[in-house]
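Use the sequences and the hints to build the structure in full.
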Amino acid sequence: MFKIAKEFSFDMAHMLDGHDGKCKNLHGHTYKLQVEVSGKLVAEGAKRGMVMDYSDLKTIVKREILDPMDHAYIYDLNSEKESKIARLLIELDSKVYGIPSRSTAEEMAKYMFEKLTQVGLPVSLIRLWETPTSYCEYTADESF
1 MFKIAKEFSF DMAHMLDGHD GKCKNLHGHT YKLQVEVSGK LVAEGAKRGM VMDYSDLKTI
61 VKREILDPMD HAYIYDLNSE KESKIARLLI ELDSKVYGIP SRSTAEEMAK YMFEKLTQVG
121 LPVSLIRLWE TPTSYCEYTA DESF
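Here our numbering is used: the first residue of the sequence shown is 1, the next is one more, and so on.
If you're looking for bench data, these hints aren't it; they were derived computationally from the structure.
Please note that a few of the clues may not be correct.
Mimicking EDC-like on lysine to aspartate or glutamate, the simulated pairs with C-alpha atoms at most 20 Å apart in a straight line are [stated by the list, open to error]:
1. Lys-24 to Glu-106
2. Lys-58 to Asp-70
3. Lys-115 to Glu-36
4. Lys-84 to Asp-17
5. Lys-110 to Glu-137
6. Lys-3 to Glu-36
7. Lys-6 to Asp-56
8. Lys-115 to Asp-67
9. Lys-6 to Glu-64
10. Lys-81 to Glu-64
11. Lys-32 to Asp-11
12. Lys-24 to Asp-11
13. Lys-47 to Glu-36
14. Lys-110 to Asp-141
15. Lys-22 to Glu-130
16. Lys-110 to Asp-11
17. Lys-32 to Glu-114
18. Lys-110 to Glu-64
19. Lys-95 to Asp-70
20. Lys-32 to Glu-106
21. Lys-24 to Glu-130
22. Lys-32 to Glu-64
23. Lys-110 to Glu-7
24. Lys-115 to Glu-64
25. Lys-95 to Glu-64
26. Lys-58 to Glu-36
27. Lys-58 to Glu-7
28. Lys-6 to Glu-36
29. Lys-95 to Glu-80
30. Lys-32 to Glu-137
31. Lys-62 to Asp-141
32. Lys-62 to Glu-80
33. Lys-6 to Glu-114
34. Lys-3 to Asp-141
Written out as structure tokens, the structure reads:
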């Protein structure tokens, strides 16, 4: 089994409604995202000897994650407070993106893993840096 990975970066704003620290306030981060995929090597054709073409990986991640989330207000669809802010931002013609959980690094890594898996990408790991020194990893491996 081979693994390949590609790194990306994006900027977003969020808040953690109900948090007991300063992250309860609206703020932003520059995230670094690493997407790892695994599989056997393609046996023949133009992609022979590859798990997948890095360019194809980039196209999928850009379409599914970066385009909708970069420079957006990411909010918890289940939070009335965060949803109220999203409605105001939409009214002001700003970019928003709702997810069905809190916008912690942990929940976002899981969301990204599941979203990419749903479109057929053989994701084995998502690593998401919220700051240059703090990151989260998510894998479907229950023994992790």
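Evaluated hints:
Restraint check for Lys-24 and Glu-106: satisfied, since their Cα atoms lie roughly 16 Å apart, inside the 20 Å limit. Taking the CA atoms of Lys-58 and Asp-70, the gap is about 14 Å. The hint holds against a cut of 20 Å. Of the supplied pair hints, the one linking Lys-115 and Glu-36 holds, its CA atoms being roughly 14 Å apart against a limit of 20 Å. Of the pairs offered as hints, the one joining Lys-84 and Asp-17 holds, with about 12 Å between alpha carbons and a cut-off of 20 Å not exceeded.
For the hint pairing Lys-110 with Glu-137, the CA-to-CA distance comes to about 9 Å; that is within 20 Å, so the pair holds. For the given pair, Lys-3 sits about 7 Å from Glu-36 by alpha-carbon distance, which is consistent with the 20 Å threshold. A distance of roughly 11 Å separates the Cα atoms of Lys-6 and Asp-56; the hinted pair therefore holds under the 20 Å criterion. With a C-alpha separation of about 14 Å, the suggested pair Lys-115 and Asp-67 falls inside the 20 Å cut-off, and the hint holds.
For the hint linking Lys-6 to Glu-64, the alpha-carbon distance of about 15 Å falls within 20 Å, and the restraint holds. For the given pair, Lys-81 sits about 26 Å from Glu-64 by alpha-carbon distance, which is inconsistent with the 20 Å threshold. Taking the CA atoms of Lys-32 and Asp-11, the gap is about 9 Å. The hint holds against a cut of 20 Å. Pair hint Lys-24 plus Asp-11 holds up; C-alpha atoms about 18 Å apart against a cutoff of 20 Å.
For the given pair, Lys-47 sits about 18 Å from Glu-36 by alpha-carbon distance, which is consistent with the 20 Å threshold. With a C-alpha separation of about 12 Å, the suggested pair Lys-110 and Asp-141 falls inside the 20 Å cut-off, and the hint holds. In summary, the hint linking Lys-22 to Glu-130 is supported, as the alpha carbons are separated by about 15 Å, within the 20 Å threshold. With a C-alpha separation of about 18 Å, the suggested pair Lys-110 and Asp-11 falls inside the 20 Å cut-off, and the hint holds.
In summary, the hint linking Lys-32 to Glu-114 is supported, as the alpha carbons are separated by about 18 Å, within the 20 Å threshold. Our distance criterion of 20 Å between C-alpha atoms is met by Lys-110 and Glu-64, whose separation comes to about 14 Å. For the given pair, Lys-95 sits about 9 Å from Asp-70 by alpha-carbon distance, which is consistent with the 20 Å threshold. Pair hint Lys-32 plus Glu-106 holds up; C-alpha atoms about 13 Å apart against a cutoff of 20 Å.
Between Lys-24 and Glu-130, the direct Cα distance comes to roughly 15 Å. Compliance with the 20 Å bound is thereby established for this hinted pair. Restraint check: the Cα-Cα separation between Lys-32 and Glu-64 comes to about 16 Å, which is no more than 20 Å; the hinted pair holds. A threshold of 20 Å between alpha carbons decides the hint, and for Lys-110 with Glu-7 the separation of about 17 Å falls inside it, so the pair holds. Restraint check for Lys-115 and Glu-64: satisfied, since their Cα atoms lie roughly 7 Å apart, inside the 20 Å limit.
For the hint pairing Lys-95 with Glu-64, the CA-to-CA distance comes to about 15 Å; that is within 20 Å, so the pair holds. Restraint check: the Cα-Cα separation between Lys-58 and Glu-36 comes to about 11 Å, which is no more than 20 Å; the hinted pair holds. Between Lys-58 and Glu-7 the alpha-carbon distance is near 9 Å, which keeps this suggested pair within the 20 Å criterion. The straight-line distance between the Cα atoms of Lys-6 and Glu-36 is roughly 7 Å, inside the 20 Å bound, and the hint therefore holds.
Only pairs whose Cα atoms come within 20 Å are accepted, and Lys-95 paired with Glu-80 is accepted, the gap being roughly 18 Å. Proximity of Lys-32 to Glu-137 is assessed by CA-CA distance (about 12 Å); at most 20 Å being required, the pair is judged to hold. Proposed proximity of Lys-62 and Asp-141 is contradicted: the alpha carbons are some 25 Å apart, above 20 Å. This hinted pair does not check out: Lys-62 and Glu-80 have alpha carbons roughly 29 Å apart, beyond 20 Å.
At roughly 17 Å between alpha-carbon atoms, Lys-6 and Glu-114 fall within 20 Å of each other, so this suggested pair holds. Between Lys-3 and Asp-141 the alpha-carbon distance is near 15 Å, which keeps this suggested pair within the 20 Å criterion.
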